[in-house]
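A.B. asks: Here is how the chains run, residue by residue.
Protein chains: 2
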Amino acid sequence: MTKIVLLGAGHLAVHFYEQFTACPKVHLIQWYNRSIQKIYFAKEQIKITDQINELEDADLYLLCVKDEAIEPLSEKIKTCGLVVHCAGGISIDQLKGTFRKGVFYPLQSFTKERFLSFDQLPFCVEALEKKDQQLLCEFAKQLGGIPHLIDTEKRAQIHMIAVWVNNFSNHMLDLGNDLSQKHQIPFEMFRPLIEETFQKAMSMGPQKTQTGPALRQDLKTIEKHLDLITDQDIKKLYLNLSTSIQKKHEQ
Amino acid sequence: MTKIVLLGAGHLAVHFYEQFTACPKVHLIQWYNRSIQKIYFAKEQIKITDQINELEDADLYLLCVKDEAIEPLSEKIKTCGLVVHCAGGISIDQLKGTFRKGVFYPLQSFTKERFLSFDQLPFCVEALEKKDQQLLCEFAKQLGGIPHLIDTEKRAQIHMIAVWVNNFSNHMLDLGNDLSQKHQIPFEMFRPLIEETFQKAMSMGPQKTQTGPALRQDLKTIEKHLDLITDQDIKKLYLNLSTSIQKKHEQ
Chain Z
1 MTKIVLLGAG HLAVHFYEQF TACPKVHLIQ WYNRSIQKIY FAKEQIKITD QINELEDADL
61 YLLCVKDEAI EPLSEKIKTC GLVVHCAGGI SIDQLKGTFR KGVFYPLQSF TKERFLSFDQ
121 LPFCVEALEK KDQQLLCEFA KQLGGIPHLI DTEKRAQIHM IAVWVNNFSN HMLDLGNDLS
181 QKHQIPFEMF RPLIEETFQK AMSMGPQKTQ TGPALRQDLK TIEKHLDLIT DQDIKKLYLN
241 LSTSIQKKHE Q
Chain B
1 MTKIVLLGAG HLAVHFYEQF TACPKVHLIQ WYNRSIQKIY FAKEQIKITD QINELEDADL
61 YLLCVKDEAI EPLSEKIKTC GLVVHCAGGI SIDQLKGTFR KGVFYPLQSF TKERFLSFDQ
121 LPFCVEALEK KDQQLLCEFA KQLGGIPHLI DTEKRAQIHM IAVWVNNFSN HMLDLGNDLS
181 QKHQIPFEMF RPLIEETFQK AMSMGPQKTQ TGPALRQDLK TIEKHLDLIT DQDIKKLYLN
241 LSTSIQKKHE Q
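Listed in order, the protein sequences are those of chains Z and B.
Under this note's numbering, the first residue of the first sequence is numbered 1, with each subsequent residue one higher.
Under this note's numbering, the first residue of the second sequence is numbered 1, with each subsequent residue one higher.
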């Protein structure tokens, strides 16, 4: 049974805490955070601490902290166990210390307030030693996920693509939501369209499901839409995105 | 029982044909298309024609043709019934003729190859006369949808917003898919992230679910990502979108 120490109290750490306590194959033995208040709610279930030099002996130390905290925090960890960070865009080399090193990056967007199953979730796994790769792959499977051996370079690419499919597509919905509010149209009206957009893109592939005035080179409609947008930045973005669609599909 | 004549053979017309023949409250009496071959498959079920001056008498004539074909086709229709077009961005005034006029715009993205339920689907309804508004609202309900009385101006705004939530968000997935192929990462890995992105945005609202380096003003990660993108247009778009997220969320 894998003995785990969890470090951090952000969205991902809280999700890990919930999954670990629900998973019989995983033994969470301690939770560290520099502010003890944030993890105080868990003190009946699990040992908590805000002292980095009082970590218990474990198989695996999971650093679920902000990107910029990974290096300074790792420097303070004294252990012979395996220490991994969980960040998409950070090199394995930013872990500083004499311990064994690895990365355990779940390709998902976590929010504290929202339950999320780890079932079938891809975990990008990296470790310097083969036995640690195996340990992390095994651990991903214990959580119900699917491990992928991915090095730092490829993980950075995955992280960059995740920005397109998550951050940028969410921004499109967000701007649509803003425009709905501005024009007093309930955003709820767009729900069936949005659901179909994503289901269709995933089942047929997004290249085949592109539609709209930009794809059709329907300049009349594009001009009409630009007339309806008053914010100059949003107007420019509409034009840039339409040009991007046109360029991609005329190739 | 509403007697219908359907005109056109695009994605929407084919979906209407399938729904009408499955719906006992709707009586599809004829299908017109200028190319008879496209609708030949239906000839055992329904009268078909390619002669616009041989349309049967009906309560409702549904023009499901390309935007630019609405005006010239409508000019040729001789009837005392109600003639409606189904386009988001076209004014009711582009229907030319002495008949009663209306618009019946389903807020959805249709593809021939994909089954789609009309259940709970919003229909934007417009008509010059009140009884025709009622007829179209009733018709939307018979199909299982939800009618909304929307004038031409508001419909144009809805159509413009649909471009953001459908065309542009699909383009984000499409660019992500391209980048995956370029870097030999299976796009399937992003499926749980994409599903969560849209489910979360719809349940919590897209403003609350924005995350990523742009929102965090994490310039180091943004620069790293830009280094990974070789296409200059895509690089510029990444930067524009990141700036747009920053501007929106610093307000």
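Rather than coming from a laboratory, the hints here were simulated on the basis of the structure.
Do not rely on the hints blindly, as some may be mistaken.
Heads up, the list lumps identical chains together, so a pair's fine if it works in one copy or across two of them.
Calculated cross-link-like contacts (lysine to aspartate or glutamate; reagent style DMTMM-like; alpha-carbon spacing at most 20 Å) [unchecked claim]:
1. K220 - D93
2. K220 - E153
3. K235 - E71
4. K3 - E113
5. K131 - D151
6. K3 - D151
7. K208 - D218
8. K247 - D93
9. K154 - E195
10. K76 - E113
11. K236 - E75
12. K208 - E195
13. K141 - E56
A.B. asks: The structure should be examined with respect to each hint, and the outcome stated for every one.
C.D. replies: Hint-by-hint comparison with the structure:
1. K220 - D93: between (53 Å within a copy, 16 Å between copies)
2. K220 - E153: between (44 Å within a copy, 16 Å between copies)
3. K235 - E71: Answer is neither; intra-copy 41 Å and inter-copy 29 Å both fail.
4. K3 - E113: Intra 26 Å, inter 51 Å, cutoff 20 Å: neither.
5. K131 - D151: within (16 Å within a copy, 66 Å between copies)
6. K3 - D151: Cα proximity of K3 and D151: none, with 25 Å in one copy and 63 Å across.
7. K208 - D218: This pair counts as within: shortest intra-copy Cα distance 18 Å, inter-copy 33 Å.
8. K247 - D93: neither (39 Å within a copy, 33 Å between copies)
9. K154 - E195: Answer is neither: 30 Å inside a copy and 22 Å across each miss the 20 Å cutoff.
10. K76 - E113: neither (31 Å within a copy, 58 Å between copies)
11. K236 - E75: Answer is neither: 46 Å inside a copy and 37 Å across each miss the 20 Å cutoff.
12. K208 - E195: Both. Shortest intra-copy (17 Å) and inter-copy (18 Å) distances satisfy the 20 Å Cα cut-off.
13. K141 - E56: neither (24 Å within a copy, 64 Å between copies)
Hint check: violations occur at hints 3, 4, 6, 8, 9, 10, 11, 13; the rest are consistent with the structure.
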